[in-house]
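J.: Take a look at the letters that make up each chain.
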Amino acid sequence: MFSSPTVRVSFLFVAIALVALLFADIAITAANPWKDLGRFFMGIVTPDFFSSEGVAVALLRTVAFAFVGVALGSLCGFVLSLVYRNPVVRTFCAFIRAIHELFWALIFLQFFGFHPLTGVLAIAIPYAGIFAKVYSEIFEEADPSPGRLLPPGTGVVSAFLYTRIPDCWVQLRTYTAYRLECGLRSSAILGFVGLPTLGFFLESAFSQGHYSEAGAMLILFYVLIATMPLWVKPKLLPVYILGAPFFLGEGLPIVWGNVERFFTQDIIPSPLRNGDGVGGLVPWLGDVMANEALPGIWNTLVLTQIALVATGLIALLTFPLISNHFGGPVRRTGGHVFLVIARSTPEYILAYILLQLWGPSMLPAVIALALHNGGIIGHLIGRQSSAIQLRPDAITGFNRYTYELVPRVYRAFLAFLFYRWEIIMRETAILGILGIYTLGFYVDSAIQNIQFDRAMVLIVITALLNIGVDILGRFIRRKLALQTMPTC
Amino acid sequence: MSGFDLSGLTASFGGERVIGPLSLQVKEGERVALVGKSGAGKSTLISLIHQQVGRTSSLVPQDLGLVNALSVFHNVYMGQLDAHPTWYNTLTLIRPFSKDSAAVRELLKDLSMPEKIWVPTASLSGGQRQRVAIARAVFRKADMLLADEPVSALDGPMSHLVMKLMSKRFPTSVVALHDVELALQYCTRIVGIQDGQIALDEYSERLSPADITPLY
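If you're matching them up, the sequences are chains A and W in order. Counting in this note's numbering, the first sequence runs from 1 upward without gaps. Counting in this note's numbering, the second sequence runs from 1 upward without gaps.
It is worth saying that the hints were derived from the structure and are not from the lab. Where hints are given, some of them may not hold.
[Said to hold, decoys possible] Label pairs and their calculated CB-CB ranges:
1) W:Y216 x A:F2: 50 to 56 Å
2) W:S12 x A:G286: 55 to 61 Å
3) A:L480 x W:G126: 36 to 42 Å
4) A:P407 x W:Y216: 28 to 34 Å
Think of the CB as a built atom: it goes at the ideal place given N, C-alpha and C, for glycine as much as any other residue.
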């Protein structure tokens with residue numbers, strides 16, 4: 001068994017996670033965690049849809065920010081994808097997508113304040129980087145032969161419109177629709193930094209102990225995502241996109257003086273600002289590295305590796321729930337509902353809820369990351385396993401799982417897992433805002449202390465860390481010859 | 001002016017020479033059939049010629065190169081994308097002008113499939129797809145046709161119809177064919193390819209099917 005490179009790599013990652021567990025801070029610190037969890041579930045089963053008009057407004061704003069942000073992101077991403085071969089564009093896109101939506105929101109909040117533009121750009125910028133990459137991959141996979149047959153002298157635009165767009169249309173549409181779903185989740189969590197979307201109302205309901213109101217919001221959010229195929233129709237899209245900007249809310253006006261101050265003073269490293277010159281920069285950077293960056297990086301890595309393996313375990317445990325190789329429609333329906341909930345709930349919201357209930361430690365973050373990402377991979381692998389044809393006399397039960405199914409889906413499973421490695425790390429960093437000591441914690445504290453220069457350094461370090469993991473993940477996938485589609 | 005005079009044509013795949021070095025001269029008004037067993041290098045020769053004379057020729061490759069998501073009309077119209085400005089082509093993608101659709105319909109009538117004009121090419125049969133690729137080549141109005149087995153998926157009467165149309169529309173052509181009778185009937189000159197070299201080069205009227213059989 002250990003002769004297979006995929007198995008060896010898997011065990012290597014399990015070993016790393018076990019070592020990381022020794023250093024991780026895993027604990028339940030709340031005085032009464034199970035009672036709170038019980039009250040929360042009571043809230044879910046007794047949702048109060050009419051407690052306040054806040055619920056409806058929250059959902060409307062969430063949808064509006066998602067539409068405007070994703071539309072803008074996909075437009076810019078499309079333009080960028082046309083010049084994606086350029087290494088400068090490639091690097092630029094890798095950089096902007098390595099910075100999480102919430103970090104972008106935190107940056108824009110400092111100078112645009114609570115203006116709707118903050119939320120729109122926080123979604124649009126990282127999404128543009130992602131769209132550029134995926135769109136260009138889709139275009140590259142298009143059949144090149146029609147393009148070669150065009151009469152010489154055909155304009156570039158005409159050639160593109162006739163030979164590329166029609167061939168890629170279905171994939172472009174599917175991927176953009178998938179990203180719109182992601183956009184709804186991103187939009188929802190922007191509320192946690194104060195924008196008027198779901199997260200804001202959820203946080204206030206939670207902090208006041210209004211569990212039924214929070215339950216209602218979560219249920220409506222699931223319904224909103226699950227019913228997307230019904231209300232997002234190609235013909236209605238122009239209406240949504242043109243109408244959405246009018247439902248972003250008023251926010252607060254932009255103070256242009258703040259914008260200027262941010263760029264000319266706030267983000268200039270303090271030794272330069274205070275006239276200590278370049279010589280003062282070294283001790284300053286050393287201080288940031290030793291006291292903030294390195295502990296942040298260490299905790300981010302530890303948490304990421306544990307969450308990665310936990311994600312894999314959840315995916316392997318849950319995919320049989322929806323696979324049609326195991327009996328019973330009841331189990332399959334239940335499995336689908338569970339996986340839809342797991343993957344529709346943003347990690348951030350899950351982590352927030354669990355932190356409220358269990359107190360601060362890495363445990364809620366691990367569970368949240370594993371449930372969300374494991375739900376996504378479990379769903380994809382389960383669907384894939386249903387397409388496998390087994391011989392009629394194949395063994396049943398647990399042996400079927402271990403002998404027939406897992407070996408067949410394992411490569412795809414690893415491909416998805418390594419694809420999501422970078423995503424898990426990006427989320428791990430951001431969960432620091434909730435009080436776990438990952439990079440996001442230090443970014444958030446620097447901003448609280450009005451040290452934007454430090455915050456910017458830490459955000460750039462986070463981005464570089466993500467880019468590094470992305471490259472490593474791609475290297476491992478190539479080494480093991482694992483294929484994956486972009487839509488994961 | 002059409003026709004060409006090419007020499008030193010060679011092609012290799014993975015270090016192994018599949019064609020040439022060979023020379024081929026085709027005069028205006030000649031209709032050349034390339035014959036020979038599969039794997040002899042006919043397709044390679046066609047694409048070599050296309051690389052050299054590209055600008056003045058219409059190509060029908062073996063894999064047809066259709067855009068499956070587009071309708072038959074748009075695939076045929078692509079033969080004239082260079083003749084119109086970009087805005088015109090963009091509008092045509094959304095809503096074709098009646099002048100163009102009439103011209104394409106005429107052409108499809110000659111290929112006896114006018115009713116398929118608005119059907120996406122993805123839903124056509126192999127023979128219908130082949131005719132769409134030929135219609136695109138004809139619509140391009142080039143002087144010379146380069147075609148690689150353009151009638152391989154068509155039945156007897158239909159292949160005669162298509163060969164007739166191609167001889168009428170293109171003064172000069174180089175067509176790879178495996179059907180010896182069609183080659184003798186519609187082409188003025190037969191070039192036999194064997195192991196990447198020209199093994200036979202003769203006017204059709206001086207040949208009988210029996211002369212060509214040794215190539216296979």
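J.: Now, for every hint given, state plainly whether the structure supports it.
T.: Right, here's what the structure says about each hint:
1. The hint said 50 to 56 Å for the Cβ distance between Y216 of chain W and F2 of chain A, and at roughly 55 Å that hint holds.
2. Remark: the range hint 55 to 61 Å for S12 of chain W to G286 of chain A is upheld by a beta-carbon distance near 60 Å.
3. At roughly 38 Å, the beta carbons of L480 of chain A and G126 of chain W sit within the given window of 36 to 42 Å.
4. Remark: the range hint 28 to 34 Å for P407 of chain A to Y216 of chain W is contradicted by a beta-carbon distance near 47 Å.
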